[in-house]
Each structure stands twice: as structure tokens, then as C-alpha cells.
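Knowing the structure of chain H, use the given hints to seat chain W on it.
2 protein chains.
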Amino acid sequence: MDHKILLSESDIPKKWYNIAADLPTPMLPPLTADGTPISPESLAPVFPMNLIEQEVSTERWIDIPEEVLDILYRWRPAPLRRATYLEKYLDTPAKIYYKDESVSPPGSHKPNTSVPQAWYNKQFGIERMTTETGAGQWGSALSFACSLVGIECRVFMVRISFDQKPFRKIMMQIWGGNCVASPSTETAAGRQVLDANPDTPGSLGIAISEAIEAAVSDQSGKTRYGLGSVLNHVMLHQSIIGLEAKKQLEMVGEGLPDVVIGCAGGGSNFAGLAFPFTQDKINGADIEIIPVEPTACPTLTKGPFSYDYGDIACMTPLMPMHSLGHSFIPEPIHAGGLRYHGMSPLVCQCVVEGLHTPQALDQMECYESALLWARTEGSICAPETSHAIAAAIREAKKAKEEGKEKTIIFTYSGHGLMDMTGYDAYLSGKLSEYHLPDEEIARAEECLKNHPQAEQRKTGKW
Amino acid sequence: MDHKILLSESDIPKKWYNIAADLPTPMLPPLTADGTPISPESLAPVFPMNLIEQEVSTERWIDIPEEVLDILYRWRPAPLRRATYLEKYLDTPAKIYYKDESVSPPGSHKPNTSVPQAWYNKQFGIERMTTETGAGQWGSALSFACSLVGIECRVFMVRISFDQKPFRKIMMQIWGGNCVASPSTETAAGRQVLDANPDTPGSLGIAISEAIEAAVSDQSGKTRYGLGSVLNHVMLHQSIIGLEAKKQLEMVGEGLPDVVIGCAGGGSNFAGLAFPFTQDKINGADIEIIPVEPTACPTLTKGPFSYDYGDIACMTPLMPMHSLGHSFIPEPIHAGGLRYHGMSPLVCQCVVEGLHTPQALDQMECYESALLWARTEGSICAPETSHAIAAAIREAKKAKEEGKEKTIIFTYSGHGLMDMTGYDAYLSGKLSEYHLPDEEIARAEECLKNHPQAEQRKTGKW
Chain H
1 MDHKILLSES
11 DIPKKWYNIA
21 ADLPTPMLPP
31 LTADGTPISP
41 ESLAPVFPMN
51 LIEQEVSTER
61 WIDIPEEVLD
71 ILYRWRPAPL
81 RRATYLEKYL
91 DTPAKIYYKD
101 ESVSPPGSHK
111 PNTSVPQAWY
121 NKQFGIERMT
131 TETGAGQWGS
141 ALSFACSLVG
151 IECRVFMVRI
161 SFDQKPFRKI
171 MMQIWGGNCV
181 ASPSTETAAG
191 RQVLDANPDT
201 PGSLGIAISE
211 AIEAAVSDQS
221 GKTRYGLGSV
231 LNHVMLHQSI
241 IGLEAKKQLE
251 MVGEGLPDVV
261 IGCAGGGSNF
271 AGLAFPFTQD
281 KINGADIEII
291 PVEPTACPTL
301 TKGPFSYDYG
311 DIACMTPLMP
321 MHSLGHSFIP
331 EPIHAGGLRY
341 HGMSPLVCQC
351 VVEGLHTPQA
361 LDQMECYESA
371 LLWARTEGSI
381 CAPETSHAIA
391 AAIREAKKAK
401 EEGKEKTIIF
411 TYSGHGLMDM
421 TGYDAYLSGK
431 LSEYHLPDEE
441 IARAEECLKN
451 HPQAEQRKTG
461 KW
Chain W
1 MDHKILLSES
11 DIPKKWYNIA
21 ADLPTPMLPP
31 LTADGTPISP
41 ESLAPVFPMN
51 LIEQEVSTER
61 WIDIPEEVLD
71 ILYRWRPAPL
81 RRATYLEKYL
91 DTPAKIYYKD
101 ESVSPPGSHK
111 PNTSVPQAWY
121 NKQFGIERMT
131 TETGAGQWGS
141 ALSFACSLVG
151 IECRVFMVRI
161 SFDQKPFRKI
171 MMQIWGGNCV
181 ASPSTETAAG
191 RQVLDANPDT
201 PGSLGIAISE
211 AIEAAVSDQS
221 GKTRYGLGSV
231 LNHVMLHQSI
241 IGLEAKKQLE
251 MVGEGLPDVV
261 IGCAGGGSNF
271 AGLAFPFTQD
281 KINGADIEII
291 PVEPTACPTL
301 TKGPFSYDYG
311 DIACMTPLMP
321 MHSLGHSFIP
331 EPIHAGGLRY
341 HGMSPLVCQC
351 VVEGLHTPQA
361 LDQMECYESA
371 LLWARTEGSI
381 CAPETSHAIA
391 AAIREAKKAK
401 EEGKEKTIIF
411 TYSGHGLMDM
421 TGYDAYLSGK
431 LSEYHLPDEE
441 IARAEECLKN
451 HPQAEQRKTG
461 KW
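Top to bottom, those sequences are chains H and W.
Take the first sequence: its position 125, counted from the start at 1, is 125 in UniProt numbering, and no numbers get skipped.
Take the second sequence: its position 133, counted from the start at 1, is 133 in UniProt numbering, and no numbers get skipped.
Chain H with its partners taken away, still in its complex shape (with noise of 0.2 Å):
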């Protein structure tokens, strides 16, 4: 059997999944400060209404025009890979599969949303989107996506990182996205921050709120906002991973995978993959689900349910999610796409449900676990996947010793050819373990006490 299990062209899927449809209890609505639901009106200013109409959508398969697929074509179908060489050094009887989202040009699973979200924004008659980016995974995937759909992309990017990590600012550049350091003097937020502070490294809190103010301050009403993760039309978005890797899976003679793994951030390339084999497990399927968090950033494993901003300036709606506090700062580790207090809301929702079965995993387990990977698999993954590769690996090793031929399947949400200085810190020694103290969980606590308690809302007792 060939190591690589290729869809043509022609087998791409032409409908996203929606599993807001599918979900055993109805989600929760995102509140305003004061506990009223947001209208899908009132978000309007921000991002395009046939954009929000996919936010609030509950139809089960959502279209994918063809000149979204016409841009995908660049890259997808995206590989489905059978990890052998590793299979092989764990002698396992688990067969590895995972899903290649490394090969898109931006590197990432992230171009599956913001391809699609330049093209809506176009067909709105929208001109230019904004956004903010904290390293510049995102940042890129939208320059790039804004390049091909012919609008404009302008970045507001975290300083510290504009300063120290340039190369993915350039990257944004080569794709025409106009990149600024924020805090910037183009916003009255950014003038705010910098007249008290003029050497603040700025934060991403800093940058949303540029970014969307940005977009809804310019007066010909041609701009809108783009979001990278954890709302519900990225994680519709991002669908094509699991659709594509269910046909392909089918190809090779498998049925359906005994676990489904990805690492979660804002919850994007989990839910990618994961959500269509939900749906299975919704309908009966024995399938374990298994969001991969850090231990140093443990949003699902430790973090309350509960109504939470999307940001620390409290400038989003509430959202119904796991939260470690909107105002939690995590430790600088080196997967920062891992370092987000909140979680996609439908994520969360599965996670209530049982049909998530989230876990932590420290950052040296997953080093390891890459420069493994490397060795055996050949490629250099992003710090963000190797918690899939790692988790993966552990469930490997639990099939050898029970015995069990299991069928694993993970997303490989991107490369990590820039992320050097994280494998440096680590193969120099600098990293060590690092599990979040039970106080920050306390302070959790403190910080969402006087938030409307989805859990309590969602079982009647509100």
C-alpha cells in the first residue's frame, strides 16, 4: 500500500459540515455583556452578513462555491498519510494515518477559512479585511488568501513578535498584505496603548482590538474583520479535513478510525477533522475523540464551562466555552498557536456532550515526540502538532499493550520550518515541564463567577 492516499480533484468535497446541526442539545447563543443574545444584525459592522449567516447557520451541509475550490486546487485534496516508519519503530499493531495540512503555501490548515472568508467578504462587495496576528501563522494564511481573491489584507501583528520574528511578516508582504506593528498609530486604541506606554511589546488583546476597529470605523463601510478559529464558520470551514480524510480513509479499505486526534488551540484543526467523525459518533459509531491541549494552557481539561469574552479587552460577544479567564496570560511556550484562554464554543459543546475526550500534554513529552517523528516519519512538524503526534504516539503504545489492532488517524496541522527557536530551546536544554498551578485554576474560577454559567443555562437551571 502506497504511503500517501491521494484524492483527485474531481473528489473533493463540495459541501462543508455544519455539526451544529447534528449536536444533541442546541448550542448556546454568544450573549452581550448585560446576558441579552446577540442578533446576528448587530455583528454585521464586523464581518459580512453572508459570513454571519454561516455563524448561525443549523443546516447540515453548506455549499462550497466552486471558486473556493477553484483557489483550494492549489493544494487540496490534501494528502492522507499512513505513518509507517513510525508504526514500525513502535512496533505497534496500530495503524497511524494523518491528515497532511502542512502543504498548503502558508504552511497550515489555515488557509481551509481564510480562503473562503476573502471570497465572502469579495462577493459582499467588502474591499479589505483586517485582522490580527500574534506570530504570523495567521496573519499569512489571510495575506495569502486576500492575494488570490484580489481584495486588500492588512495585519495588525503583535510587536514583539513583528520585531524579533520577521520572516512570516515578509511572508505576508510577498502575498501584498500590508503588516503593521501594533500597538500601531492608526487606531485610537493603538495611540491609547502607546501614548502610556511608548515600548510596550503589545499583546493580542491589543491587536484584536485594533484590528476591529479598524474595520468598523472606516466610513466607506468596505472593510470587515477576519477570525482564524473558534468561531462556527471556521470550524465549518476547516470540515473539508475530516470529509476529505473520511474518503479517503474508505479508499484504503478502512472503516471508520478507532480515535481521532488533533491538537486544539482555538479548536480549528481539531474540529476540522474531528467534527465529520462526530457526527458518526453522534449516530452510534464507537469512536474516541481526543482534543490535545498543552498542560501549560489546559482550557478544556481544567478550564470552567462557562460564558467568557473572546479577548481581554472584552470587546467580543460572551461566548458559551471552557475558559482559563479572557485576562490569563500563559507561559511563553513555544506552540503559540496553543495559547489561547477560550475554545471554539461547538468544541466545547462535544466536550459537555462526552463526545470529546480532551487531554493535556506537557511540552517536553511533545518535543521528544517530534524529534522522534522527524527521525522516523523524515519532516519537521510545527510545535502545535507535535501534542497530536505525541498523543498519537501514546495511543499507539496502549494498542501494542492491550494487544489491539486500532485504527489512528490525526491532523498534521502544519510544518515547522519556522519555529526553529522552539526545537533550539529545546534540544539546548532550555525547556522544561511546566503543568499550570491549581491557583491560576482558582483565579479561573474568580475571574468568570460574575459571568452569566453556561452549564447552568444549558441544563434549565440558569
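Quick caveat, the hints were computed from the structure, so don't treat them as lab data.
Wrong hints could be hidden among the right ones.
According to the in silico footprint, chain W covers these stretches of chain H (three or more CB under 8 Å from chain W) [said to hold, decoys possible]:
id : region
1  : 143-155
2  : 173-179
3  : 331-338
Glycine is no exception: its CB is placed at the ideal position from the N, C-alpha and C atoms.
For chain W alone, coordinates are given in the frame of chain H:
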């Protein structure tokens, strides 16, 4: 038609193609400094005998060992892609195909030879390979290969790159490679340079001297040296590129292409694609075959065809090739892989025979083409690769002018994700056109005039 033309693993070529069997004029031998042909045995302290046999072989087809294929399957067969988005932008009747060698874990075509080199060394009982590297592309490819084959790898990396471009060094370490800054205290050659100039930035010439010394001076006899381009056995291993591409063109009903293009530094990625088609040209097919080099280092277009050393320290045999003189120091253009004074003798022979028609392009046109590529096809190419893209764009425009539906194919030799500083320099207006001045060509002729003259030998006028 799909944008990606994919071969299954069962269709991978099982033999390499050796153009030495088909050249109209037999190759001239490498010589010692006094003009005596080198014997295979004299190379034995440097290379294992099984690779020396390939180096001097005139067999047309040489079996690829099963174990080598099993490693290559990690990324091969490589996709052939059609650049439909660029074609549309150029509004050309030409069809532009490109063989995507950027999909290997180290990100270029280099592992096509580093893997068999490491494998043949291990077969011969060798336990450690040494090599030199400039910016790190070859050093990382050999570290990768040694890791998968299971032998040690020691890389002497030019100090200024070691200090200023640490990312490739970290890649080597991820694959277990032992990378030291050159000049080092580990060799007599290195110590001599350091004694004279402790702050030297190093050079590729010094690093080659150290790597060869480290191989031949190991008293156990278990160490050999590996070279990433120029030599015949490297061209042999790279022929898998063109052999796959031929099958892929057949799959989509194309006959032979009209134009074959590759960028040429030492010649290996170009030859990998070009030699299998050169065989057809020798047999009468009408194909234009174009090696593309920078105007800053115009080896094939302006360098005399003579005998010259492969390195600045004159440690290699004299090889029959076009050369800008072994002491030539090119301008620091960002396509580091194209800054070599010499060229594969096999490629040079094809140029002398009129089978290949070299072009030299300026870096400004190449970066402009790379940006157009990123904004149409989507991916970010290596600065070296941009030379092939620029030449393909020229040919596609010519086809439009002539109203001819030509088929163009080129090697996409590597991605540019580790080359952001070059793009940054271009985007911020710090680069300019550079053509090697005529005085430099005169200097090369002066440098070469005391060497045996290859052209004369070839024509019997020596």
C-alpha cells in the same frame, strides 16, 4: 484536468538514467594537477567504492536499491503540477508544467542524492559522513538522509552562515546532524586558518577542505565525504526527477515537451529534469533545454570551457567544465545555491555539444517573477528556483508572441521559506541589477590559462 499529476508509488522509476552512456562524445576524465587522468582507486579515501563505480560508470541504466526507494517514498513520487493560474495571468497559449521538488522534508531536490549517498556509504561499511555547507541546504539534506539510513553526519558550516542563519543548523540538529562552524579547531586546515585570522567569517573553500580532511584522516577508515552537486553520480541520482516527469506528462496525454528549464548552480536539479529529455534530443527530438544561471555568476554563458579545480583550495581533481576560475568570489546575491564558479562536467559537455542552451538572468527579474508566482500560483519559491520561473515566463510570453501552443516544463527545485531575508531585501528596494563585468571574465581566462584546456583535448587539438 487536475492541477496536480500524481504517480502512485508502484510507478516510481526503478532505475536511474546515466547520460554518460548516450553522449555523442565520451566524457573527458578528471585529471591530477600534473595532467594525469585520475584513477578510481585514488578517490577511495574520499568516497566509498560503490559510489566511485557510479561516478565512472557508462551503463545507461542503474538499479535504484529497494531500500533507497523505501526512504524516497516519504515524499516521492513528487507531484507534477500545471501552473494554470500563471498561464491565465499571462494569457499565454503555452502549457506550463513544473516538477515540485519542494515537497521533500528538507525542502529541495537535494535529498534525491543525499539518501542514496548515505545508503551506499552504509552498505560499504561507512559509519560517518562529512560534508560542507554554505547557507545549510545541503547540510540539512545530508543530515536528514544519514538520520534515516542510520549513520552519523558531520557538517562543516561556513561560520558567517552558522552565526547569521542559524535555522538550517537547527534543522540539521533535529535530524541528529553534528554541525560545527568552519573554520573549526577539529582539522589542521581549520586550525591553520584560525591561527592566522581568529575572526575569519570562513568560506565554502575552507569548509570543503575541512570536510575532506575529516574524512580522509579518520584512521578507522569508517568516514567518507559527500558532495551535493557537480559530480556524475549526483546527476545520476537526480535523474529520478525527469524520469518521473516523463511518466506524468504521458499520463495527461502530453508527448515530449518543447522547452525544458532548470536553474543551474552546480547543475544537479537542472540535470535531474533535463537529462532524461536530453536522451530524446540526442535521439532526434526537437526540444529546447535551458539551464538558467544568474548574471552575477554566468558560468555557462560566459565562463571558458577548460579544466579547473572544483574548490578554491585546489584539493579536488581538475574537472573539464565551464568555469569562472576556482578563485572566483561572486557577489553576495541571495540565490546562494547558484554562486558556484564551476558546473557539472556532464552539463558542460551537453552545452559544448549544443544540446543545452544556457541563459543568464538578472536577480531583479527573478524576484519579480517569484512575486508574480506567489500571487498567482500561491507558493513561495527559493531564490534559486525563481530563475527557472523567470525563464519559463519568458518562454510563455514568447509562445504568445509566436502564437504557438508550446509545452514548457521546469523544476521547482525548492521552497523559499528559509530565504525570507532575500525577499525582504528585494521588497524594501535594497537589491539592484548586477551583471558580472567583462574584466571578471578576462580574469577568469587569465586564471585558467595554465590549466589543461578541455575544449582542445576534446577536439584532439591538445
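Identify every previously stated hint that the structure contradicts and give their numbers, smallest first.
3
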